[in-house]
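Colleague: What follows is the residue order along each chain.
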Amino acid sequence: GESVGLHLPTLSVQEGDNSIINCAYSNSASDYFIWYKQESGKGPQFIIDIRSNMDKRQGQRVTVLLNKTVKHLSLQIAATQPGDSAVYFCAESRGQNFVFGPGTRLSVLP
Amino acid sequence: DSGVTQTPKHLITATGQRVTLRCSPRSGDLSVYWYQQSLDQGLQFLIQYYNGEERAKGNILERFSAQQFPDLHSELNLSSLELGDSALYFCASSPTGQGFKETQYFGPGTRLLVL
Chain A
239 GESVGLHLPT
249 LSVQEGDNSI
259 INCAYSNSAS
269 DYFIWYKQES
279 GKGPQFIIDI
289 RSNMDKRQGQ
299 RVTVLLNKTV
309 KHLSLQIAAT
319 QPGDSAVYFC
329 AESRGQNFVF
339 GPGTRLSVLP
Chain B
-2 DSGVTQTPKH
8 LITATGQRVT
18 LRCSPRSGDL
28 SVYWYQQSLD
38 QGLQFLIQYY
48 NGEERAKGNI
58 LERFSAQQFP
68 DLHSELNLSS
78 LELGDSALYF
88 CASSPTGQGF
98 KETQYFGPGT
108 RLLVL
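Sequence lines, in order, name chains A and B.
Quick note on the numbering used here: the first sequence kicks off at 239 and runs consecutively.
Quick note on the numbering used here: the second sequence kicks off at -2 and runs consecutively.
For reference, chain B alone in the conformation it holds in the complex (with noise of 0.2 Å):
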């Protein structure tokens, strides 16, 4: 167990729709990064929060947003859902803002379904 919690663990829903998406970080870390894992996609970053601010941007869609509240828990809102969103979504976290030069740890992820 990483310590990272995530929920729902699955959402089944449909085109057109708007969903969120919960993560509480380890006790201490300050930041939050969330990932998209789909088949033909692998593994791939999409944003990063440090202490509530945005501090990276990866591959995200602009229909895709998160934000970190002042408890650090974050939640990732998916809106004008496509069929291709359909993917695990995982959380991770890291002590410090430097997370891409420290371990992340990954929660159990969220399984999206659309359809």
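Bound-form chain A, shown alone (with noise of 0.2 Å):
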């Protein structure tokens, strides 16, 4: 069935780096994008979304882009801290839904 889904389910990144997490789906009449983060023992913090109208969209330090014609979305962490460790998941909005990605750990190197 169709599904949101992450091509990486790790990554790792030196402190100071960009890191860019990606996120593939599949149902094209989606039309708004979130990404969360989540720490350990923590739920789920909202950190940017993007509606289908758009292709990207900044916020502090992260940037998210949205591609509809491959059915992309990523999100990009500029200069990556130690509190940028954490797993990170897109969601989809599909109709009265939220389908989650199985999420991307993000570990970043001193």
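Among the clues, some could well be false.
What the hints assert, rightly or not - Taking CB as the label site, the calculated pair distances span:
#	chain 1	residue 1	chain 2	residue 2	range
1	B	-2	A	345	17 to 27 Å
2	B	9	A	308	27 to 37 Å
3	A	298	B	60	35 to 45 Å
4	A	255	B	10	42 to 52 Å
5	A	293	B	95	32 to 42 Å
6	B	62	A	307	39 to 49 Å
7	A	291	B	110	39 to 49 Å
8	B	79	A	293	36 to 46 Å
9	B	-2	A	264	27 to 37 Å
10	A	321	B	0	19 to 29 Å
As the list claims (entries may be wrong) - Here are the simulated EDC-like cross-link-like pairs (lysine to aspartate or glutamate), alpha carbons at most 20 Å apart as the crow flies:
#	chain 1	residue 1	chain 2	residue 2
11	B	6	A	277
12	B	98	B	50
13	A	309	A	269
14	A	309	A	287
15	B	98	A	287
16	B	98	B	51
17	A	280	B	-2
18	A	280	B	37
19	B	98	A	269
20	A	294	B	51
21	B	98	A	277
22	A	280	A	322
None of these hints come from the bench; they were simulated from the model.
This structure is a prediction, so every number in the text was calculated from the model and none was measured.
Glycine residues also receive a C-beta, built at the ideal position from the N, C-alpha and C atoms.
Both chains are sitting in their own frames, so use the hints and assemble them into the complex.
Modeller: Right under this line is the structure:
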């Protein structure tokens, strides 16, 4: 069936480098996407969202890119810091439901 | 801190038992959502309530039920518990009933262990 997924289950980056976390979705009717960050022992925390009428949205140190042609979503984190270490989930709004991807663990190396 | 509170933080119980999880949404939020997070299924949406009424249903088992009270807090009731129900249960809230088109704010979760 259709699903939201991630290309890389784990990602290790050096502190100070940029991180890119990818997400593929298969439902072309999805019109709203969110990235969440989940630290160990905590609930998912909103990072940034984007609607399907946009292809790029920037926040503080984060940028989300949406490519509807290939159904691809990415989260870019600039100057990655140790506090960025967490699991990152993309979520796709599909009707009356959020479908979450399996998550990517980001590990920041000193 | 998201402003969403959940109790209890941890819960250990036996198979066949019934438990109730409680959630208080952010001040002013009218919608409450329940999610289950397990190792094999990931994060899954269970059910949404908006201003006391059920608004949307996801992958919620018949053994599970929820309600939202006039003060907008919500409870998730899990009955006839099975080992496979062991998971983290999250509550989230959002300002309106358009929860799948707006940001949802998650609580810290309740970790349920069924022995």
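Colleague: Take a quick look at whether residue 280 of chain A and residue 322 of chain A sit within 20 Å of each other, Cα to Cα.
Modeller: Holds, because 14 Å separates the two Cα atoms, which is no more than 20 Å.
Colleague: Quick check on a hinted range of 42 to 52 Å for residue 255 of chain A and residue 10 of chain B, using CB atoms only.
Modeller: Holds, since residue 255 of chain A and residue 10 of chain B (Cβ atoms, about 45 Å apart) stay within the stated range.
Colleague: For the pair supplied as a hint, residue 309 of chain A and residue 269 of chain A, confirm whether the alpha-carbon distance does not exceed 20 Å.
Modeller: Holds - the C-alpha atoms of residue 269 of chain A and residue 309 of chain A are around 11 Å apart, at most 20 Å.
Colleague: Holds or violated: 19 to 29 Å for the Cβ distance of residue 321 of chain A and residue 0 of chain B?
Modeller: holds (21 Å)
Colleague: Does the Cβ-Cβ separation between residue 293 of chain A and residue 95 of chain B fall within 32 to 42 Å?
Modeller: violated (22 Å)
Colleague: Run the distance test for residue 98 of chain B versus residue 287 of chain A: straight-line Cα separation, threshold 20 Å.
Modeller: holds (10 Å)
Colleague: Within 20 Å, alpha carbon to alpha carbon, are residue 309 of chain A and residue 287 of chain A?
Modeller: holds (16 Å)
Colleague: Regarding residue 79 of chain B and residue 293 of chain A, is the given constraint of 36 to 46 Å on their beta-carbon distance met?
Modeller: holds (44 Å)
Colleague: Range hint 27 to 37 Å: satisfied by the CB atoms of residue -2 of chain B and residue 264 of chain A?
Modeller: holds (35 Å)
Colleague: Does the alpha-carbon distance linking residue 6 of chain B and residue 277 of chain A stay inside the 20 Å limit?
Modeller: holds (16 Å)
Colleague: Tell me if the beta carbons of residue -2 of chain B and residue 345 of chain A are separated by a distance inside 17 to 27 Å.
Modeller: holds (25 Å)
Colleague: Take the C-alpha atoms of residue 98 of chain B and residue 50 of chain B, compute the straight-line distance between them, and say whether it is at most 20 Å.
Modeller: holds (18 Å)
Hint check: violations occur at hints 2, 5, 20, 21; the rest are consistent with the structure.
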